[in-house]
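Undergrad: Sequence:
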Amino acid sequence: MKFSFQKYHGAGNDFIMVNCLTNNIILNQEQISFLCSRHLGIGADGLIKLLPSETHDFSMIYYNADGNEGSMCGNGGRSVAAFAFREGITGKKMKFTAYDGEHEAVILQSSDDCFEVKLSMKDVQVENPDNSFLIVDTGSPHYVGRVDNLADYDVNQFGRSIRFDTILAPEGVNVNFMEKIESQIFLRTYERGVENETLSCGTGVTAAAIAASLWFGGNSHDIITSGGDLHVDFDRTENCFSNIVLIGPVKFVYEGNISI
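For reference, each letter of the sequence shown is one residue, going 7 to 266 in the numbering used here.
Rather than coming from a laboratory, the hints here were simulated on the basis of the structure. Positions of the beta carbon are idealized from the N, C-alpha and C atoms, including for glycine. Some hints could be false.
List time: in silico DSBU-like cross-link candidates among lysine-lysine, alpha-carbon distance up to 30 Å [to be verified]:
#, residue 1, residue 2
1, Lys128, Lys101
2, Lys13, Lys99
3, Lys99, Lys128
4, Lys186, Lys257
5, Lys8, Lys257
6, Lys99, Lys186
Computed spacing ranges between beta-carbons, pair by pair [claimed, not checked]:
#, residue 1, residue 2, range
7, Asp129, Ser232, 33 to 43 Å
8, Ser265, Asn202, 18 to 28 Å
9, Glu261, Asn74, 23 to 33 Å
10, Glu110, Ala175, 32 to 42 Å
11, Ser248, Phe9, 31 to 41 Å
12, Phe170, Ile264, 27 to 37 Å
Given these sequences and hints, build the entire structure.
TA: Listed below in structure tokens is the structure:
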């Protein structure tokens, strides 16, 4: 089977995009894992199918790099919005469905193959917040912990131990480590399904911004990741967060065809 694809990344979080509006490309777990392999396939943190929807502009299905269908991916949602806009599927404003329900996206800026995309995220209610760590679902489940010396922190070792902790089994969580240095917030993420540190994670950044609000105050935070800076705005009433938006860069990388 031969099909076309495009490659995008949102702050270094990279995805294979497949347009399935007129022809659904059927891929199994093994094939998706192969395509996402950086040594054997195209290479990506995940694969996204853009599918037709009767009620929205389109529907998004996200697959982790291990080939399994994943939950919501924030950077993937921003990237698929740029993909839809660049392909002329939508205008600058769009609505689509994903694992966790409806999302709205707006292309704030576009220049050549670079985009600035705003994405609405699901409302969040935090149960039993702690001063040192937080577990919250922002479309995907996330652990956010505060650490020192984040630049030297072994994210894969400690992230893997928390991700596979028996208390969190069987699904596990994505694991984020945060450090606040003066007024800046830095974040590194170990993603389940990728089973490695990624350059950024949109739902993880959203979780970190919520944690930052609980720990430091505020309803707007810039989060610095290895792949770039992302911005999160929200309304907050005690431990309830609504009108959450994730804003950041997306870049079209290349397009091609592959046989599998």
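Undergrad: Give a verdict on every hint.
TA: Structure-based check of all given hints:
1. Lys128 - Lys101: holds (13 Å)
2. Lys13 - Lys99: Judged against 30 Å, a Cα distance of about 21 Å means the pair holds.
3. Lys99 - Lys128: The hint holds at about 18 Å.
4. Lys186 - Lys257: OK: Lys186 and Lys257 at ~28 Å, within 30 Å.
5. Lys8 - Lys257: holds (25 Å)
6. Lys99 - Lys186: Outside the cut-off at roughly 34 Å; violated.
7. Asp129 - Ser232: 33 to 43 Å: Violated - the Cβ-Cβ distance for Asp129 and Ser232, about 28 Å, lies outside 33 to 43 Å.
8. Ser265 - Asn202: 18 to 28 Å: Since the Cβ atoms of Ser265 and Asn202 sit about 27 Å apart, the hinted range of 18 to 28 Å holds.
9. Glu261 - Asn74: 23 to 33 Å: Once the Cβ atoms are compared, 25 Å apart, the range 23 to 33 Å for Asn74 and Glu261 holds.
10. Glu110 - Ala175: 32 to 42 Å: The hint (32 to 42 Å, Cβ to Cβ) holds, given that Glu110 and Ala175 are roughly 34 Å apart.
11. Ser248 - Phe9: 31 to 41 Å: holds (39 Å)
12. Phe170 - Ile264: 27 to 37 Å: About 32 Å separates the Cβ atoms of Phe170 and Ile264, which means 27 to 37 Å holds.
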